[in-house]
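Asker: Below are the chains, spelled out letter by letter.
Protein chains: 2
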Amino acid sequence: MSERDSAIVLLSGGLDSATVLALAREQGLACRTLAVAYGQRHSAELAAAARLSRQLGAVEHRQMGIDLGGIGGSALTDTSIAVPDAGGTGIPITYVPARNTLLLSLALGWAEVVGARHIYIGVNAVDYSGYPDCRPEFIAAFSRLAQLATKAGVEGEAFSVHTPLIGWTKSRIIQEGLRLGVDYASTVSCYQATPEGLACGRCDSCHLRREGFAAAGISDPTRYA
Amino acid sequence: MSERDSAIVLLSGGLDSATVLALAREQGLACRTLAVAYGQRHSAELAAAARLSRQLGAVEHRQMGIDLGGIGGSALTDTSIAVPDAGGTGIPITYVPARNTLLLSLALGWAEVVGARHIYIGVNAVDYSGYPDCRPEFIAAFSRLAQLATKAGVEGEAFSVHTPLIGWTKSRIIQEGLRLGVDYASTVSCYQATPEGLACGRCDSCHLRREGFAAAGISDPTRYA
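Keeping their order, the protein sequence lines are chains A and B. With numbering that gives the first Met the number 0 applied, the first sequence covers 0 to 224. With numbering that gives the first Met the number 0 applied, the second sequence covers 0 to 224.
Rather than coming from a laboratory, the hints here were simulated on the basis of the structure. Some hints here could point you the wrong way.
Chain copies aren't distinguished; within one or between two, either way the pair holds.
Unchecked claim - Calculated cross-link-like contacts (lysine to any residue; reagent style SDA-like; alpha-carbon spacing at most 25 Å):
{"hint": "1", "residue 1": "Lys150", "residue 2": "Leu207"}
{"hint": "2", "residue 1": "Lys150", "residue 2": "Gly64"}
{"hint": "3", "residue 1": "Lys150", "residue 2": "Ser5"}
{"hint": "4", "residue 1": "Lys150", "residue 2": "Gly38"}
{"hint": "5", "residue 1": "Lys150", "residue 2": "Ile165"}
{"hint": "6", "residue 1": "Lys150", "residue 2": "Gly71"}
{"hint": "7", "residue 1": "Lys150", "residue 2": "Gly68"}
{"hint": "8", "residue 1": "Lys150", "residue 2": "Glu136"}
{"hint": "9", "residue 1": "Lys150", "residue 2": "Leu197"}
{"hint": "10", "residue 1": "Lys150", "residue 2": "Trp167"}
{"hint": "11", "residue 1": "Lys150", "residue 2": "His206"}
{"hint": "12", "residue 1": "Lys150", "residue 2": "Arg53"}
{"hint": "13", "residue 1": "Lys150", "residue 2": "Gly13"}
{"hint": "14", "residue 1": "Lys150", "residue 2": "Ala139"}
{"hint": "15", "residue 1": "Lys150", "residue 2": "Ala29"}
{"hint": "16", "residue 1": "Lys150", "residue 2": "Ser218"}
{"hint": "17", "residue 1": "Lys150", "residue 2": "Ala184"}
{"hint": "18", "residue 1": "Lys150", "residue 2": "Val113"}
{"hint": "19", "residue 1": "Lys150", "residue 2": "Gly69"}
{"hint": "20", "residue 1": "Lys150", "residue 2": "Gly180"}
{"hint": "21", "residue 1": "Lys150", "residue 2": "Ala46"}
{"hint": "22", "residue 1": "Lys150", "residue 2": "His161"}
{"hint": "23", "residue 1": "Lys150", "residue 2": "Arg50"}
{"hint": "24", "residue 1": "Lys150", "residue 2": "Thr168"}
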């Protein structure tokens with residue numbers, strides 16, 4: 000297998016990106032996983048990302064850091080802003096400015112260095128309702144940028160940005176992941192998990208996750224605080 | 000002046016971005032400057048960026064960090080790759096994978112948090128010959144991405160990415176900067192400057208800079224090692 004058949008998979012430690020890794024592995028791709036410390040409120044999800052990378056057979060896992068220099072602006076990176084309970088409308092305060100642009104840029108840089116031509120990210124239709132950088136038109140714009148931004152792109156090599164979950168419900172994501180052997184007890188979805196990875200059970204992310212397991216008719220393995 | 004009339008100016012500590020800051024200030028914009036530590040070989044340019052920000056009247060300067068996790072792939076971030084002397088052809092080994100995408104993404108995130116709608120970056124036609132992410136088509140693709148990636152963009156606020164130097168020769172950049180009072184002795188262009196900011200005089204960047212001063216008929220204030 001050439002490096003062109005390998006992939007960079009963005010791994011947050013949550014349910015969605017773990018499923019994406021399993022799907023990329025099912026395609027026969029050698030996967031390098033990338034977790035990004037961008038100042039999120041807790042590190043339990045970063046530990047989960049490293050664990051899931053091993054469990055699902057990635058060839059390499061790396062963690063990169065972004066120090067946003069205290070710009071704040073999001074409940075996920077600014078501890079002075081409370082994480083709201085589930086059920087708000089509009090773009091939520093948990094939106095992190097330019098987050099997916101940054102994550103994809105880091106994945107693109109690593110892809111270019113190792114010669115990988117596939118990038119996987121676990122954006123999906125449920126987040127799509129709230130976060131601008133989870134929409135198909137954002138992904139299309141980033142794909143175009145990737146061709147123009149890179150030495151490989153200029154030399155005629157195409158990068159593919161894959162978003163296999165983008166049209167899936169949470170329950171379908173869970174069902175596909177279980178078929179592929181994802182251990183969801185290892186994933187951490189909560190926006191404000193404890194250092195041990197215990198979930199709050201109240202935030203948007205916990206709410207979506209719980210509803211997903213219920214809709215799939217599967218017992219929820221989440222450990223709540 | 001509303002925040003919409005303010006700008007984020009990417010500042011490397013080099014000659015080009017210092018001139019960009021002076022040009023943005025001439026437009027009457029309140030400027031926040033952003034220097035990014037992405038693992039470059041020396042920190043003299045980061046110190047220069049902070050100094051230039053003060054000299055040119057920015058309202059705030061921030062430094063953000065990106066830890067690329069040792070992915071290497073460039074002579075600017077991997078000390079095992081030597082910085083070549085000037086005069087190569089093609090895309091040089093000093094190209095940093097996805098660098099300008101990352102820099103613009105950080106600027107976009109900060110712009111969104113503070114409500115600024117202008118982003119300035121000092122890409123220019125001389126770099127354009129070598130680096131893919133200094134070309135007008137790259138900037139256009141990033142501008143489109145910025146609208147789609149952000150809460151502000153979705154809500155109908157346009158971001159403008161300004162590249163005033165993109166078609167300028169180095170000598171024109173220097174002449175305009177001197178007209179606006181830029182102290183070029185404070186700038187550090189060299190790819191491998193000493194910790195004190197002394198230039199090597201041999202790399203591509205030193206070469207372009209020296210030719211620019213010569214073409215402008217201006218005495219070169221660069222301090223060489």
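Asker: Check each numbered hint against the structure and report the violated ones by number, ascending.
Answerer: Checked against the structure, the hints that fail are numbers 9, 12, 16, 17, 20, 21, 23, while the rest are satisfied.
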